[in-house]
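Read top to bottom, the protein sequences are chains A and B.
Read in order, the letters of the first sequence correspond to residues 0 to 437 in numbering that gives the first Met the number 0.
Read in order, the letters of the second sequence correspond to residues 0 to 151 in numbering that gives the first Met the number 0.
Any given hint might turn out to be false.
What the hints assert, rightly or not - Interface residues of chain B toward chain A, partial, derived using beta-carbon atoms under 10 angstroms: (1) 0; (2) 34; (3) 38; (4) 90.
To be verified - A few chain B positions that, by computed beta-carbon distances, are all more than 12 angstroms from chain A: (5) 10; (6) 33; (7) 67; (8) 68; (9) 71; (10) 96; (11) 100; (12) 102.
In short, the hints are calculated from the structure, not lab data.
These numbers come from a predicted model, not from an experiment.
Cβ coordinates follow ideal geometry from the N, Cα and C atoms, glycine included.
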Amino acid sequence: MSGHTRTIRVDTLARVEGEGALYIKLVGERVADVKLKIYEPPRFFEAFLRGRHFSEAPDIAARICGICPIAYQMSAIHAIERALGTRIDPAVRRLRRLFYCGEWIESHTLHVYMLHAPDFLGYPDAIAMAKDHRIVVERALRLKKIGNRIVTLLGGREIHPISAAVGGFYKVPTKQRLRELVEDLEWALEASLETVRWTATLEFPDFEQDYEFVALRHPGEYPFNEGRLVSNRGLDIDAAEYEDHFVELHVKHSNALHSVLRGRGSYLVGPMARFNLNFDKLPEVAQQAARDVKLAVPVNNPFRSIMVRAVEIVFACAEALRIIREYEPPPLPRVEVPNQAGVGHAITEAPRGILYHRYAMDEKGLIIAARIIPPTSQNQKRIEDDLRDYAARLVAWPPEEASWKCEQAIRNYDPCISCATHTLKLTLERAEDDGSNP
Amino acid sequence: MRIICCGNPARGDDGAGTLVAQQLRDFGIEAEICFGEALELIEAWTGANDVIVVDSVETGAALGTVWRWDGRKASFPTDHSASTHGLGLSAAVQLARVLGRLPERLQIYGIEGRRFEYGTEVSPELKLAVEQVVRELAKRTSSHWGARLDVL
């Protein structure tokens, strides 16, 4: 961010990240209404980016999310590079994939072990779980730390990574610095395989949905930051066509916009979508890990997303090792990118799903328009659709247990509110069915 | 002694901890910065016996109030951390206690904040609190790092 700072107040943003609220209305035995309210920071940042030079965008975008700053940086950088016709060195591209590996390891480990697993094992939180599953939690600590080491090494500092830039990196690591990660990553690969086996021992409710899965697909690799956007129902588009096919709807009950596929409705992004659409691109070690626990395409039970995330940790560890072993530093850390007018679009795969960015720049390289559509807002309608079906099974349950089950269903999506959904405010309204309600 | 400062400088008063770290570093005192996510915090203090954590908190007290808690004692108000993530400092302390990974000495400085929205700067009242914490920590740690106390 530049030295120039401004104070901007937007009342709807004066809420701590992580607040979420769920409202379900039951009429008799029927679910009449489901409203999930979540908080969405990108709207503020879109305005904040206007008037800034494109070189500032990656650092500003990284501040949107403390859990996945790399995804925001990568989508911003790719969109701007596409607008300006920038060609990067292949070694830089590989380093960006490594960067993404680190973030996936960190984010998925946090979610699988600390946020989602307690639900399946019947604990109120990870602290209670740790009393009985100390070795498991210790494994999570070490795994997450390894992801953090990758991010810190490439990002240049502890929080808010600043090294990634339009055109490359401000500084790239030496071969030796990357080699120092190998021993830890070899352990992490084994630990991730154990993670897959461990998640397979959990009990899953019998709940399958008919999803339209949407994810990137690349001809040669499991997707991080490149590829066409595809679905299991025929979607196959470039990032530049995204806004022709997806539309964001204002809904009264939430600050977040609901993203839907034009004429088709809700869709699902994230690990299950990537896995179902790109299983053949996973390295053999990850494919075998899935086969060993009978996790086969298509996975349509959202509760099994915890297993898919575990498989993606295997992928991220294996991919990180491959990149590090083959690494040769680029001749230049980054190419110079001259100011020019243009519009660029990019989609990358954040841990919780596709993250769309669009930027328009003037001839001085100043941003005149920015659009950011995060995965959580894309999944929000899909979460409500899941809950509508799932809550119908919980009609007879005591309110507290029904609440907990719904929270677990929301955590299937690892939304940005997932850290706080243990404190999610649930309103369960019951009414007699007199035939007058919709 | 290890000093760990938590916070997000893009989130108003949540940036107080990172300001403390920056000012300590200006005096030649080592201070780590982290978001305050629980697992990250436990890793950050692993291997140290004497740990100080600085974070912004929201207890309802006057803006800029500086709290000092013994993190090893139950008196630490575990539900008042203003961390921007659900598993924050209080969860780190509780989890570390379960895992036997609390440091021998854990001093927590809480700086009372009020505004945690995106894009705002740290409240002016907090800047005084930040300076107060920096002065205290510099005095406590001067024997470790030879802080330039003459400038305090």
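Quick check: which numbered hints come out false for this structure?
1, 5, 6, 10, 11
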